[in-house]
Amino acid sequence: MAITLNYYPKKVKRFSTGLGQDVGSLRSMIDMLQVFVVGSSIQRKAKAKMSWQFGDEPELKNSILNKLSTEPVLLTTDDLASEYPKKTGKPAVWKIRSVLPAIMDGQSIAKNEDESIPTDPSGNVFKTPMRAWPIRNFISSAIGLGLLNWNRINGNISLTRLGKQLAEAKHLVSEELTSDELTLLQLAFMSYPYAVAFLRSLENNKDGLNKFQLGETFGFAGEAGFTSFGEELYVGALTEAYESGDSFRIKKIKSNWESTSDKYIRGIASMLSKLKLISIIPQPFSYKNPKTGKNSHFSLTAYKLTGYGRENLGIALGRSKHKRTTKIITWDMLCTKGNVVYIRTIRALILMELDNSNGLTAGQIANKINANKVNKMPIFEGTTISGEEVSDHIKGLNGIGIQIDTSSSNKYVLKDPLQDFEIPITASQLPKKDNVQRQQDELRPLLAHVDHRYLQLVELALDSSQNSEYSMLESMTMELLLTYLDFDGASLGGANKPDGIAWDSDGNFLIVDTKAYDNGYSLAGNTDKVARYIDDVRARDSNRTSTWWTQVPESLNVDDNLSFMYVSGSFTGNYRKLLKDLRARTNARGGLTTVEKLLLTSEVYLTNNKYGHTQLLRDWTNDAIEHDEYYDQLVANI
DNA sequence: TCGGATGAAATGCGACAACC
DNA sequence: TGGTTGTCGCATTTCATCCG
Numbered sequence: 003m004a005i006t007l008n009y010y011p012k013k014v015k016r017f018s019t020g021l022g023q024d025v026g027s028l029r030s031m032i033d034m035l036q037v038f039v040v041g042s043s044i045q046r047k048a049k050a051k052m053s054w055q056f057g058d059e060p061e062l063k064n065s066i067l068n069k070l071s072t073e074p075v076l077l078t079t080d081d082l083a084s085e086y087p088k089k090t091g092k093p094a095v096w097k098i099r100s101v102l103p104a105i106m107d108g109q110s111i112a113k114n115e116d117e118s119i120p121t122d123p124s125g126n127v128f129k130t131p132m133r134a135w136p137i138r139n140f141i142s143s144a145i146g147l148g149l150l151n152w153n154r155i156n157g158n159i160s161l162t163r164l165g166k167q168l169a170e171a172k173h174l175v176s177e178e179l180t181s182d183e184l185t186l187l188q189l190a191f192m193s194y195p196y197a198v199a200f201l202r203s204l205e206n207n208k209d210g211l212n213k214f215q216l217g218e219t220f221g222f223a224g225e226a227g228f229t230s231f232g233e234e235l236y237v238g239a240l241t242e243a244y245e246s247g248d249s250f251r252i253k254k255i256k257s258n259w260e261s262t263s264d265k266y267i268r269g270i271a272s273m274l275s276k277l278k279l280i281s282i283i284p285q286p287f288s289y290k291n292p293k294t295g296k297n298s299h300f301s302l303t304a305y306k307l308t309g310y311g312r313e314n315l316g317i318a319l320g321r322s323k324h325k326r327t328t329k330i331i332t333w334d335m336l337c338t339k340g341n342v343v344y345i346r347t348i349r350a351l352i353l354m355e356l357d358n359s360n361g362l363t364a365g366q367i368a369n370k371i372n373a374n375k376v377n378k379m380p381i382f383e384g385t386t387i388s389g390e391e392v393s394d395h396i397k398g399l400n401g402i403g404i405q406i407d408t409s410s411s412n413k414y415v416l417k418d419p420l421q422d423f424e425i426p427i428t429a430s431q432l433p434k435k436d437n438v439q440r441q442q443d444e445l446r447p448l449l450a451h452v453d454h455r456y457l458q459l460v461e462l463a464l465d466s467s468q469n470s471e472y473s474m475l476e477s478m479t480m481e482l483l484l485t486y487l488d489f490d491g492a493s494l495g496g497a498n499k500p501d502g503i504a505w506d507s508d509g510n511f512l513i514v515d516t517k518a519y520d521n522g523y524s525l526a527g528n529t530d531k532v533a534r535y536i537d538d539v540r541a542r543d544s545n546r547t548s549t550w551w552t553q554v555p556e557s558l559n560v561d562d563n564l565s566f567m568y569v570s571g572s573f574t575g576n577y578r579k580l581l582k583d584l585r586a587r588t589n590a591r592g593g594l595t596t597v598e599k600l601l602l603t604s605e606v607y608l609t610n611n612k613y614g615h616t617q618l619l620r621d622w623t624n625d626a627i628e629h630d631e632y633y634d635q636l637v638a639n640i
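When we follow the numbering used here, the leftmost residue of the first sequence carries the number 3, and every step to the right adds one.
Hint data in this document are derived by calculation from the structure and do not stem from the laboratory.
Where hints are given, some of them may not hold.
[To be verified] Straight-line alpha carbon distances no greater than 30 Å define the calculated BS3-like cross-link-like pairs of lysine-lysine that follow:
#	residue 1	residue 2
1	K166	K49
2	K517	K417
3	K69	K49
4	K49	K97
5	K63	K47
6	K253	K88
7	K254	K323
8	K166	K499
9	K92	K51
10	K88	K306
11	K97	K265
12	K531	K612
13	K290	K339
14	K397	K370
15	K293	K306
16	K88	K265
17	K339	K113
18	K256	K306
19	K296	K265
20	K499	K517
21	K208	K63
22	K254	K129
[As the list claims (entries may be wrong)] Pairwise CB distance ranges, derived in the manner of DEER restraints:
#	residue 1	residue 2	range
23	R321	N624	57 to 67 Å
24	S359	D625	43 to 53 Å
25	N114	D182	19 to 29 Å
26	G509	N358	43 to 53 Å
27	I119	N68	55 to 65 Å
28	T180	S71	20 to 30 Å
29	E177	S71	26 to 36 Å
None of these values were measured; they are calculated from a predicted model.
Every residue, glycine too, gets a C-beta built ideally from N, C-alpha and C.
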């Protein structure tokens, strides 16, 4: 499924992705990408500047330098953009405490707090570093453009494949783009919904549109976070100022009368024009000149589609022979201000329902959302969605560049393929979600290599009604071990036999006991059984009732290399003492493994080459049994 | 103007009190 | 008494215009 609901146990770093207010220079954007390329010229420049400009935090500096030379380069927003706080009325601090300020210049000459001018080691004055906020906007836009990845769990930012291509393309130092860069960036922008929306608005306007006209339909128009001054107000005030000949007021209006949406549009326009997709033209407005009494005119900047723009729009919209581009949507783009979790969730669910259908009416979408399991979440606070609300949201989604058409039967149809994205929900927002789904949602984003059907283990481990001699929990657990974790062995089941046995080419032998209990598995009364199995395989006595041990290769040293493992959803009772007794009694390593731990260790095993059977068996038989005792460490290794 | 810059509002977060 | 909720003050994030 393209859109998934993921549950996060812990707080995740907040970072608003998709749009950027202050992004103008594409050269800075590309330079930023090169920071992620070990040994690139930009990296060398960054390191050189960090050597004298970095604040007095050697550990922080070394940590960043280390990350810069470790492939793949992974940096958090703090590593990339944090700054020393600015004091009101004083110049921004020129000392840096992150990497991007080292290569991204601000607009003014660096000043000390007392307004004196510092010099660099060569004795020259230098530009003050770009502030953290504009830098964050660059990162945010690069994520929206599919050039950078942002990992919500650990906050790491890394290059995408396209980002790497662009970072390694032929470069210039000036703002001018090489043809390689132009090609790659045009491709990126045609997957960037805002840019497509922008071009689409211009398509049928031969005379071009100014930022206010574009603002009427741009983004979630009119919402907080997408405010526009509006053409009427702006042009009206400017006409008045011109007619009264008030040049101070003219200047004031021109430089200050701009709101969020207007700013976004100017930024996107600036980039699209550098990509040759639009041209910038003057749009005249007439007024009566106060001195001459004749009609005169002033101009606003307007934007017009170029031939390249029309061509690329055709690619984005899948016209003629082209296939529609996949549009990049992030959860964070779906609302920026106010009750964001609620609104983003609703909008994401609308997209999800449309993505899963060939067309739905507003009422049908509302019904589906109201019936959705996540509707039990407190973030919905028991409210229900109406068809009218759905229609409003869809209008906004069209505004950010996702094309949702209305069919003749009043059905909404999603035209764009969407890149996979997630609806992230954190623990505090979901206190009462039932255990199974909650834990599955929590694990899902962590499991990149383990097949997600094994998430069923979570459900099976808690459902004691499923217990039988040949339980699903047992067979799935053994299937995981034998199919994915490179063990040989068998799923046995039945009386007087272990649930499962496994061994590997290193000579390790493992007895697996699984049991499903909704309230946790207690070892009390369940240790004798496993002790007997251990004795069985060591004794190899053919007179015993069960001779399951004949399946175990005789080459294995079951006296020294035998381990046992209990698998369940959770464990209760005084299991530490019972486990210790059992280990001593059998002289074997052994432990209790929750299905969560089983899945996480499996993921680590499949992810990390250095984590083999030795580490796997150690983790299955150690004393880290409760969630808090293993979770952080395992997740850190994924 | 372009390409960011900025003070302040909005929001999050830890700690500790208060309240079932 | 224990677990949840309220709140106070500080920290971080994001706005909404501002500006050299």
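Hint check:
no.	hint	result
1	K166 - K49	holds (20 Å)
2	K517 - K417	violated (48 Å)
3	K69 - K49	holds (12 Å)
4	K49 - K97	holds (14 Å)
5	K63 - K47	holds (15 Å)
6	K253 - K88	holds (28 Å)
7	K254 - K323	violated (49 Å)
8	K166 - K499	violated (54 Å)
9	K92 - K51	holds (23 Å)
10	K88 - K306	violated (40 Å)
11	K97 - K265	holds (29 Å)
12	K531 - K612	violated (34 Å)
13	K290 - K339	violated (42 Å)
14	K397 - K370	holds (19 Å)
15	K293 - K306	violated (33 Å)
16	K88 - K265	holds (24 Å)
17	K339 - K113	violated (35 Å)
18	K256 - K306	holds (21 Å)
19	K296 - K265	violated (33 Å)
20	K499 - K517	holds (14 Å)
21	K208 - K63	violated (53 Å)
22	K254 - K129	holds (27 Å)
23	R321 - N624: 57 to 67 Å	holds (60 Å)
24	S359 - D625: 43 to 53 Å	holds (50 Å)
25	N114 - D182: 19 to 29 Å	violated (42 Å)
26	G509 - N358: 43 to 53 Å	holds (50 Å)
27	I119 - N68: 55 to 65 Å	violated (33 Å)
28	T180 - S71: 20 to 30 Å	holds (27 Å)
29	E177 - S71: 26 to 36 Å	holds (29 Å)
When the structure is compared with the earlier hints, violations turn up for hints 2, 7, 8, 10, 12, 13, 15, 17, 19, 21, 25, 27 and for no others.
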